Amino acid sequence: MDEEYESIALVKPEIFVYRIPPLGTNRGHKAADWKLDAPDWTGRMKLVAIGKRLELRLEDKTSGALYAKCPIDAFPGVCIEPVIDSSRYFVIRLKNDAGQTAFVGCGFADRGDSFDLNVALQDHFKYIEKSAELEQTSQVAQPSLDLAFKEGQTISINIGVSFELDSLPRCLRTRQGAR
Numbered sequence: 001m002d003e004e005y006e007s008i009a010l011v012k013p014e015i016f017v018y019r020i021p022p023l024g025t026n027r028g029h030k031a032a033d034w035k036l037d038a039p040d041w042t043g044r045m046k047l048v049a050i051g052k053r054l055e056l057r058l059e060d061k062t063s064g065a066l067y068a069k070c071p072i073d074a075f076p077g078v079c080i081e082p083v084i085d086s087s088r089y090f091v092i093r094l095k096n097d098a099g100q101t102a103f104v105g106c107g108f109a110d111r112g113d114s115f116d117l118n119v120a121l122q123d124h125f126k127y128i129e130k131s132a133e134l135e136q137t138s139q140v141a142q143p144s145l146d147l148a149f150k151e152g153q154t155i156s157i158n159i160g161v162s163f164e165l166d167s168l169p170r171c172l173r174t175r176q177g178a179r
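Under UniProt numbering, think of the first position of the sequence shown as 1, with each following residue one higher.
Errors might be hidden in some of the hints.
What the hints assert, rightly or not - List time: in silico EDC-like cross-link candidates among lysine to aspartate or glutamate, alpha-carbon distance up to 20 Å: (1) Lys35 / Glu14; (2) Lys69 / Asp97; (3) Lys46 / Glu135; (4) Lys130 / Asp73.
Just so you know, the hints here were simulated from the structure itself, not pulled from any lab data.
It should be emphasised that the depicted structure is a prediction, and the values quoted were computed from it without experimental measurement.
Given these sequences and hints, build the entire structure.
Structure below.
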């Protein structure tokens, strides 16, 4: 059985989730249109890498029970995108096991937390890209050098050979017996 390992890319202890109005313009979502002072849900966020896949999980702070998840296939992309008026908020596409999707807003109290999320997302997709490039270059057939001796080929090695003192450079000759 080929199981993929899960690795935690990022954990943030507090994330706010909001219901968002339909997109009014083609420019993007605005966090100012949400009720930022009254989030619909507050919990913990985990960014989990499962093999080459990435998943943002929203979990209950105390029990750790899964509230919702957002599979992320590209960043930036339709699965997670920053809002146009703030660096702390994002629109994510939640997807359940039945394949139903819903767009919600999420955000952090601190700008540093959203920066950490951006960096973790970028790092994951850079890693996937570099892994694919490395895999491609390793699959390219490299011509192998045949350094084996051919049939009947021999070499001779002289170890501890004596030599004439006159053949040495003058700076290496000693005064005793050297002229």
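Check: Regarding the pair Lys35 and Glu14, is the alpha-carbon distance no greater than 20 Å?
Finding: holds, 17 Å
Check: Does the structure keep Lys130 and Asp73 at a Cα separation of 20 Å or less?
Finding: Distance ~16 Å between Lys130 and Asp73 Cα, so the pair holds.
Margin query: Run the distance test for Lys69 versus Asp97: straight-line Cα separation, threshold 20 Å.
Written below: Holds, because 9 Å separates the two Cα atoms, which is no more than 20 Å.
Note to self: Given the hinted pair Lys46 and Glu135, is their Cα-Cα distance within 20 Å?
What the structure shows: Since the Cα atoms of Lys46 and Glu135 sit roughly 29 Å apart, the hinted pair is violated (cutoff 20 Å).
Against the hints set out earlier in the document, a violation occurs for number 3 only.
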